[in-house]
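Input sequences plus hints: build the corresponding full structure.
Number of protein chains: 2
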Amino acid sequence: MLIATPLSMTFDAPLQLQSGASIHGYSLSYETYGTLNADKSNAVLVCHALNASHHVAGVYAGQDKSEGWWDNMIGPGKPVNTDKLFVIGVNNLGSCFGSTGPMHTHPDSGKVYGADFPVVTVEDWVNAQARLLDALGIQTLAAVLGGSLGGMQALSWTLQYPDRMRHAVVVASAPNLTAENIAFNEVARRAIVTDPDFHGGHFYEHGVIPKRGLRIARMIGHITYLSDDVMNEKFGRELKEAVLDSASGYRYSTQEVEFQIESYLRYQGDKFAEYFDANTYLLITRALDYFDPAKPFGGDLSKALARATCKFLLVSFTTDWRFSPKRSREVVKALLDNQRDVSYAEIDAPHGHDAFLLDDQRYMGVMRSYFASMARPAEVAA
Amino acid sequence: MLIATPLSMTFDAPLQLQSGASIHGYSLSYETYGTLNADKSNAVLVCHALNASHHVAGVYAGQDKSEGWWDNMIGPGKPVNTDKLFVIGVNNLGSCFGSTGPMHTHPDSGKVYGADFPVVTVEDWVNAQARLLDALGIQTLAAVLGGSLGGMQALSWTLQYPDRMRHAVVVASAPNLTAENIAFNEVARRAIVTDPDFHGGHFYEHGVIPKRGLRIARMIGHITYLSDDVMNEKFGRELKEAVLDSASGYRYSTQEVEFQIESYLRYQGDKFAEYFDANTYLLITRALDYFDPAKPFGGDLSKALARATCKFLLVSFTTDWRFSPKRSREVVKALLDNQRDVSYAEIDAPHGHDAFLLDDQRYMGVMRSYFASMARPAEVAA
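Just so you know, the protein sequences line up as chains A and B, in that order.
If you number the first sequence the way my numbering does, the last residue is 639 and the count never jumps.
If you number the second sequence the way my numbering does, the last residue is 639 and the count never jumps.
What the hints contain is simulated information worked out from the structure, not anything from laboratory work.
Check before you lean on any hint, since a few could be wrong.
Said to hold, decoys possible - Derived PhoX-like pairs (lysine-lysine); straight-line CA-CA distance at most 20 Å:
1. B/K552 - A/K497
2. A/K552 - B/K552
3. A/K491 - B/K552
4. B/K528 - B/K322
5. A/K468 - B/K468
6. A/K552 - B/K497
To be verified - Going by beta-carbon spacing under 7 Å, a handful of chain B positions derived as facing chain A:
7. V376
8. T435
9. M476
10. K590
Unchecked claim - Which bits of chain B does chain A cover? Going by a derived footprint, with three or more residues having C-beta under 8 Å, they are:
11. 333-347
12. 442-449
13. 490-499
14. 502-510
15. 522-532
16. 546-558
Cβ atoms here follow ideal geometry from the backbone N, Cα and C, with glycine treated the same way.
What follows is the structure, encoded as structure tokens:
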């Protein structure tokens, strides 16, 4: 069994952010799995999405059910094989899972950042990750890998540090958010910000948490992670507790739980509100909204991706309506316009956006063979 | 110009509801357009969806911009031609637009219903509509017409009163909600119910309105009414106000409006929260959740629709992901299984669920020809 150990590194020098602000005296939490080889050529960076962290694989010693969020994908003998590869998971700035975020104190003022934590972007995260690699003495990555928002970071890596990586693996992602994607983020943010317990983002000092808003945000998110089909299959119109002496079986209540899907969503919302930070939610969804590498090129993604020189694997899932295959195909086309080496797998899976975290034989097979070829000595040495 | 006059009728006798409760001393608001012919054979009942009322067509005298919600469809010379047909719009029980609802007082106690307003179903609404027709002396309808939730009422009419109608026109509707549909309703309801100003549904006596929750509910609803495509076309990633001296143009704020789509949604939410009743929102979304005519038949829609004897027109729109064409096709198939006379038009329109309220040449053409054939004397007399 792979035992994971959380590590932390502090950076004193200011990191210039895209917004014009900067941050200094911050820490990044990270974990590593496998062994860095002698020429430091087998490192794979894993970037995380909204509700995840540096704890990508393995378990914590003595802690049951502490598997990393991509433990099915990464580990000894797994598709991303840590017997061959040195995998690094890093928690992003602004998170609530270890790295410096809104819940932490500003190193100068000693006050909790709260809503004053600087707005961070995908590009900022990538810059912070590059600094971590500097500190670890890793100049060139075998690959950057990410799903969803993590895939955006992998894509941004190819543009910000094209010489520091050989492969980008971009799963269930998109070159930017659509208006509908932004709309869902905005509703979630409004639910949080208009919760009376939010206090303009300075709720910590009031000893409260905007749980109502966080619950709504999570419920909305969860709907968009699943496909209509898988929701129908898992829950359909099943009732939580049918009323046996009624012909319809319904309880006829507008506020009580009636259908299983309601019970499931409420549970997901309640759980999330217990551990996720409201300011982090705002920051991460905003980073999603802002990401748009084609923007400085008048929306021309082919021009934007001309800087990328590494090899690419893109993967999408047919029932993912949050980041649909169409969006991955846009990236593939833009890379082909630049005559880049790109592989693309469109996996016919029923699970919607969540599919990127689940076991699917074809998906796992594609990932396994791509990373296996990457780990071959001939190429690693190239 | 068609001048509309709102009417009201009060019903003293109790109406038995599906939940087991009953309601008495209630009023229904309605409007009529055109002239009922001598043999009372040209009446068309129009059923409304979530955010609509009895004011279906025409304008109110002296009131600018007071067009009824389906004024493009219904009126003199329009697809549902009031020169030939006698059209009745009725506001449903539990609404906040005129008919008795949660904001009104219980006739016995004199207290505002609030959260104690009985849970009403599509079937209850249809029974109340049938009583109104009794009072108007109309035994048999030429047609029942409705879109979305209104289409569910039209469908339910064919099962509850198969002998009282010759045609059902069911637009952008479904034989029941999917788990995803229920999920969106539930998030909206949770946003309302957990708003501290909701006070368990008795907010009237506290002199407040749960506007935060209503805003969120409306924003969620609005996203599901539009297609991804039309949102991208109308708003895309346009910024509300680009920062001209920034390379990105972004303001870098998590709480301010940044994108046009955010501005649009906030506006829609604010507007809705000014006029829509929170308890009505709960009631109407619950009626949507509950509707499932196949339920007493073990989910077999073909068996359920065997009772329906009228002729049918079903219309769906390709980009409607709330009530997708697939759902209309389920109804068509079930009717064909019963060898019913059914016409079906699947309109290739970009506007999502909202398409049923918009002008589209093919859609309007289909409706016009269907209602024209219905109004022909030969058939009216048949």
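Checked hints:
A C-alpha spacing of about 16 Å is found between B/K552 and A/K497, which places the hinted pair at or below 20 Å, so the restraint holds. About 51 Å separates the Cα atoms of A/K552 and B/K552, which puts this hinted pair outside 20 Å; it is violated. Straight-line distance between C-alpha atoms of A/K491 and B/K552 comes to about 18 Å, which keeps the hinted pair within the 20 Å bound. About 16 Å separates the Cα atoms of B/K528 and B/K322, which keeps this hinted pair within 20 Å; it holds.
Note on A/K468 and B/K468: the hinted pairing holds, with a Cα-Cα distance of about 18 Å set against a maximum of 20 Å. Restraint check for A/K552 and B/K497: the C-alpha separation of about 16 Å stays at or below 20 Å, so the hint holds. Checking B/V376 against chain A by beta carbon gives a least distance of about 4 Å; that is within 7 Å, so the hint holds. Residue-level restraint check for B/T435 holds (minimum Cβ-Cβ distance to chain A is 6 Å; threshold 7 Å).
Taking 7 Å as the C-beta cut-off, the interface hint given for B/M476 holds, the closest approach to chain A being about 4 Å. Annotation: interface hint on B/K590 violated; nearest CB of chain A at approximately 17 Å, more than 7 Å. Against chain A, the segment 333-347 of chain B contributes 0 residues with a C-beta closer than 8 Å to a partner C-beta. That does not satisfy the three-residue criterion, and the hint is violated. Only when three residues or more bring their CB closer than 8 Å to a CB of chain A does the claim for the segment 442-449 of chain B stand; here the count is 5, and the claim holds.
Given a C-beta distance limit of less than 8 Å, the hint that chain A covers the segment 490-499 of chain B holds, as 4 residues qualify and 3 suffice. Against chain A, the segment 502-510 of chain B contributes 7 residues with a C-beta closer than 8 Å to a partner C-beta. That satisfies the three-residue criterion, and the hint holds. Counting residues of the segment 522-532 of chain B whose CB lies closer than 8 Å to any CB of chain A gives 3, which reaches the minimum of 3, so the coverage claim holds. Judged by the Cβ-Cβ criterion of 8 Å, the segment 546-558 of chain B is covered by chain A as claimed, because 5 of its residues qualify and three suffice.
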